[in-house]
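From just these sequences and the hints, can you work out the full model?
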Amino acid sequence: MKHDGDRPIGIKVEGVSKRFEDFLALDDVTLDVPEGSLTALLGPSGSGKSTMLRLIAGLEQADSGRVFLEGRDVTGIPVQERGIGFVFQHYAAFKHMTVRDNIAFGLKIRKTPRDQIRDRVKELIRLVQLQGMAHRYPSQLSGGQRQRMALARALAAEPKLLLLDEPFGALDATVRKELRTWLRHLHDEVNVTTIFVTHDQEEALDVAEQIVVMNEGRIEQVGAPRELYEHPETEFVMGFVGEVNRFGNALIRPHDLDLGLVKVDGAEEAMIERVSHLGFEVRVELSMASGDRAWAQVTRAEAEDLELEQGQIIFARPSRTKVFDNGKEPDTAPTDELQVA
Amino acid sequence: MEASAFPISGEEQALEKRPKDKRPRGPLDGGSKWARWALRYSVLFYLAALLIIPVIMIFIRTFEDGFIESFEAVTSEAGLHALKLTIITVLIAVPINTVFGVLTAIVLVRQKFRGKAFLNALIDIPFAISPVVIGLALILLYGPRDGFVGEWFFENGIQIIFSTPGIVLACIFVSLPFVVREVVPVLREIGDEQEQAATTLGAGPWQTFWRVTLPSIRWGVTYGVVLSTARVLGEFGAVSVVSGRISGQTETLPLFVRKQFEVFNQGGGYAAAMVLAALALLTLLLMNLINKKEERV
Numbered sequence: 023m024k025h026d027g028d029r030p031i032g033i034k035v036e037g038v039s040k041r042f043e044d045f046l047a048l049d050d051v052t053l054d055v056p057e058g059s060l061t062a063l064l065g066p067s068g069s070g071k072s073t074m075l076r077l078i079a080g081l082e083q084a085d086s087g088r089v090f091l092e093g094r095d096v097t098g099i100p101v102q103e104r105g106i107g108f109v110f111q112h113y114a115a116f117k118h119m120t121v122r123d124n125i126a127f128g129l130k131i132r133k134t135p136r137d138q139i140r141d142r143v144k145e146l147i148r149l150v151q152l153q154g155m156a157h158r159y160p161s162q163l164s165g166g167q168r169q170r171m172a173l174a175r176a177l178a179a180e181p182k183l184l185l186l187d188e189p190f191g192a193l194d195a196t197v198r199k200e201l202r203t204w205l206r207h208l209h210d211e212v213n214v215t216t217i218f219v220t221h222d223q224e225e226a227l228d229v230a231e232q233i234v235v236m237n238e239g240r241i242e243q244v245g246a247p248r249e250l251y252e253h254p255e256t257e258f259v260m261g262f263v264g265e266v267n268r269f270g271n272a273l274i275r276p277h278d279l280d281l282g283l284v285k286v287d288g289a290e291e292a293m294i295e296r297v298s299h300l301g302f303e304v305r306v307e308l309s310m311a312s313g314d315r316a317w318a319q320v321t322r323a324e325a326e327d328l329e330l331e332q333g334q335i336i337f338a339r340p341s342r343t344k345v346f347d348n349g350k351e352p353d354t355a356p357t358d359e360l361q362v363a
Numbered sequence: 021m022e023a024s025a026f027p028i029s030g031e032e033q034a035l036e037k038r039p040k041d042k043r044p045r046g047p048l049d050g051g052s053k054w055a056r057w058a059l060r061y062s063v064l065f066y067l068a069a070l071l072i073i074p075v076i077m078i079f080i081r082t083f084e085d086g087f088i089e090s091f092e093a094v095t096s097e098a099g100l101h102a103l104k105l106t107i108i109t110v111l112i113a114v115p116i117n118t119v120f121g122v123l124t125a126i127v128l129v130r131q132k133f134r135g136k137a138f139l140n141a142l143i144d145i146p147f148a149i150s151p152v153v154i155g156l157a158l159i160l161l162y163g164p165r166d167g168f169v170g171e172w173f174f175e176n177g178i179q180i181i182f183s184t185p186g187i188v189l190a191c192i193f194v195s196l197p198f199v200v201r202e203v204v205p206v207l208r209e210i211g212d213e214q215e216q217a218a219t220t221l222g223a224g225p226w227q228t229f230w231r232v233t234l235p236s237i238r239w240g241v242t243y244g245v246v247l248s249t250a251r252v253l254g255e256f257g258a259v260s261v262v263s264g265r266i267s268g269q270t271e272t273l274p275l276f277v278r279k280q281f282e283v284f285n286q287g288g289g290y291a292a293a294m295v296l297a298a299l300a301l302l303t304l305l306l307m308n309l310i311n312k313k314e315e316r317v
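Protein sequences, first through last, are from chains A and B. For what it's worth, the working numbering labels the leading residue of the first sequence as 23, then goes sequentially. For what it's worth, the working numbering labels the leading residue of the second sequence as 21, then goes sequentially.
Since the hints were made in silico from the structure, they are not lab data. Check before you lean on any hint, since a few could be wrong.
[As the list claims (entries may be wrong)] Example chain A residues on the side facing chain B (calculated, C-beta under 7 Å, incomplete):
| # | residue |
| --- | --- |
| 1 | Val101 |
| 2 | Phe108 |
| 3 | His118 |
[Said to hold, decoys possible] In silico BS3-like pairs for lysine-lysine, Cα to Cα no more than 30 Å straight-line:
| # | chain 1 | residue 1 | chain 2 | residue 2 |
| --- | --- | --- | --- | --- |
| 4 | A | Lys117 | A | Lys133 |
| 5 | B | Lys132 | A | Lys117 |
| 6 | A | Lys117 | A | Lys130 |
| 7 | B | Lys104 | B | Lys312 |
| 8 | A | Lys182 | A | Lys34 |
| 9 | B | Lys312 | A | Lys133 |
| 10 | A | Lys182 | A | Lys199 |
| 11 | A | Lys130 | B | Lys312 |
| 12 | A | Lys144 | A | Lys133 |
| 13 | A | Lys144 | A | Lys199 |
| 14 | A | Lys144 | A | Lys117 |
| 15 | B | Lys312 | A | Lys117 |
| 16 | A | Lys117 | A | Lys182 |
| 17 | A | Lys144 | B | Lys312 |
| 18 | A | Lys130 | A | Lys144 |
Using N, Cα and C, we set each Cβ at its ideal position, and we do this for glycine too.
Written as structure tokens, this is what we have:
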């Protein structure tokens, strides 16, 4: 486990397990999150990432283990008293309240003086860019606007911790991209310790400072986006963060598969099944002589140079591969030349 | 805190709009223009023949014999007492059923326990059993002479059967399912995410209920209250059995209407019936007004 030495720990999860009937959602999980950081919990569905978030919030109770927020043991403390802000995937907007009343909810509960509520709501409406919509009801807002309102509502009482459960999962692709860039900027401004749950590796790589990869109720690896991508510790992490081809027990990133028209050392003959142009990137689907299927990621210029087209026979040579023993431990150094058979 | 420097572009500023002419169509609604016309008018005819015309007849007959004359029966001492008793019954039975109806609905939707299906089925008993049988059951339990618990109450000076408490109990029994049945589907539909959100914002269970749950289910509650009120106003069978039908004492408005027919004062009967109908309509109107005021949209 790794965290910034110069930042104090904001959240500490210690040996937490949680079981739902016969499903083990979290299996003895331990995690430190530095204060003020932006952390992603990344994993497939059923990996325990949402359960972990809800346990930190206090919306679920752990069967065993402890949770600390800024050094304080909050394991038995109810959600109301944890001082957190929570954003739900499906917004959980109060449908019978206007945008203004939704945002003011937490402040009214805390019996904040009226004029302070007014000022704070105004400030938040500007922060989430819903100016002119204070008197609208959630049904009169788009999905992205609703989620921004939910974010303002969660931030209103100045929580020590902001937790987001698949916050952009219900939005369409364009809005999702826009909102995640916006979330990163927002985090720079309010600088509150933030954890968000996602199953989208691109989203995690794009937004987070630190990614926690989860699988089957356990943490696979914790690290900065680049570290996870370049030095995955397990086969699962390599396959989940970024894309991979599998040749026997070797894993190869699609951009580490060099294509050429002449046979060189270590290259294998392959037939092009399909060429997809995705803007700058070109995706080449290959049927290898060994029977494996793979795909290579090349630039448009490379594709044009080689004049790649369907049915063509070419040679593919992995420039970097990784082999994990028992699917767990990586073999030796991060750069491994393919061993020529 | 400064406004975010990162602008949100024209992100779906426009609201979702479904073109008016693109309504989804039901299986019976698809065919020709003629088929739709036939469907619509057969429904209207059915409503008119079975609902509207009989109700209109009451109004016509009330005024046929002269307005003043008809209303003499209603404004007689027995008539006014029946009206008062009916209103008292509504004011006790409906609030009780509303509170317990909402609580029951919350238990049924939000909790998991053994025997939940059984409890759910139990709620519908008043719909399944004839009101007369309900009345008899109440006499067996609360009757002053050999009722299961009624004897004890009677000895301690509390008369339930042939008195107001019995009438109220009968009305609570027959109108019990309405609020539960209206609130359960609404609660199920809103889910518990809004309530969870309220707790993360610091609201305790009580604040969450008043500020989030109750406002979200208010239309279900309203409809349940209107239906309960209508049922209590009009309840005849069960009340007839437990009340003893003592004129000027245990006679509710529906019993009074029946009495007027028995003594061949049909004008009076129609007039009392009209008052009943007017009370029911008034409830409907009142509940709509209360909700409109809160809506503010």
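Hint check:
The beta carbon of Val101/A is positioned within 7 Å of a beta carbon in chain B (closest approach about 5 Å), and the interface hint is therefore held. For Phe108/A, the suggested interface contact is upheld, since its CB lies about 4 Å from the closest CB of chain B, less than 7 Å. Annotation: His118/A was flagged as interfacial toward chain B, and the flag holds, the nearest CB pair being 4 Å apart, inside 7 Å. Among the hinted pairs, Lys117/A with Lys133/A is consistent with the structure: their alpha-carbon atoms are about 22 Å apart, no more than 30 Å.
A threshold of 30 Å between alpha carbons decides the hint, and for Lys132/B with Lys117/A the separation of about 26 Å falls inside it, so the pair holds. About 17 Å separates the Cα atoms of Lys117/A and Lys130/A, which keeps this hinted pair within 30 Å; it holds. Straight-line distance between C-alpha atoms of Lys104/B and Lys312/B comes to about 29 Å, which keeps the hinted pair within the 30 Å bound. About 14 Å separates the Cα atoms of Lys182/A and Lys34/A, which keeps this hinted pair within 30 Å; it holds.
For the hint pairing Lys312/B with Lys133/A, the CA-to-CA distance comes to about 28 Å; that is within 30 Å, so the pair holds. Proximity of Lys182/A to Lys199/A is assessed by CA-CA distance (about 26 Å); at most 30 Å being required, the pair is judged to hold. Pair hint Lys130/A plus Lys312/B holds up; C-alpha atoms about 24 Å apart against a cutoff of 30 Å. Distance hint between Lys144/A and Lys133/A is fulfilled; the C-alpha atoms sit about 18 Å from each other, no more than 30 Å.
Annotation: proposed proximity of Lys144/A to Lys199/A holds, straight-line Cα distance about 26 Å (limit 30 Å). Taken as a hint, the Lys144/A and Lys117/A pair is honoured in the structure, with Cα atoms around 20 Å apart against an allowance of 30 Å. For the proposed pair Lys312/B and Lys117/A, the alpha carbon gap of about 16 Å is at most 30 Å, so the pair holds. Only pairs whose Cα atoms come within 30 Å are accepted, and Lys117/A paired with Lys182/A is accepted, the gap being roughly 26 Å.
For the proposed pair Lys144/A and Lys312/B, the alpha carbon gap of about 28 Å is at most 30 Å, so the pair holds. Restraint check for Lys130/A and Lys144/A: satisfied, since their Cα atoms lie roughly 15 Å apart, inside the 30 Å limit.
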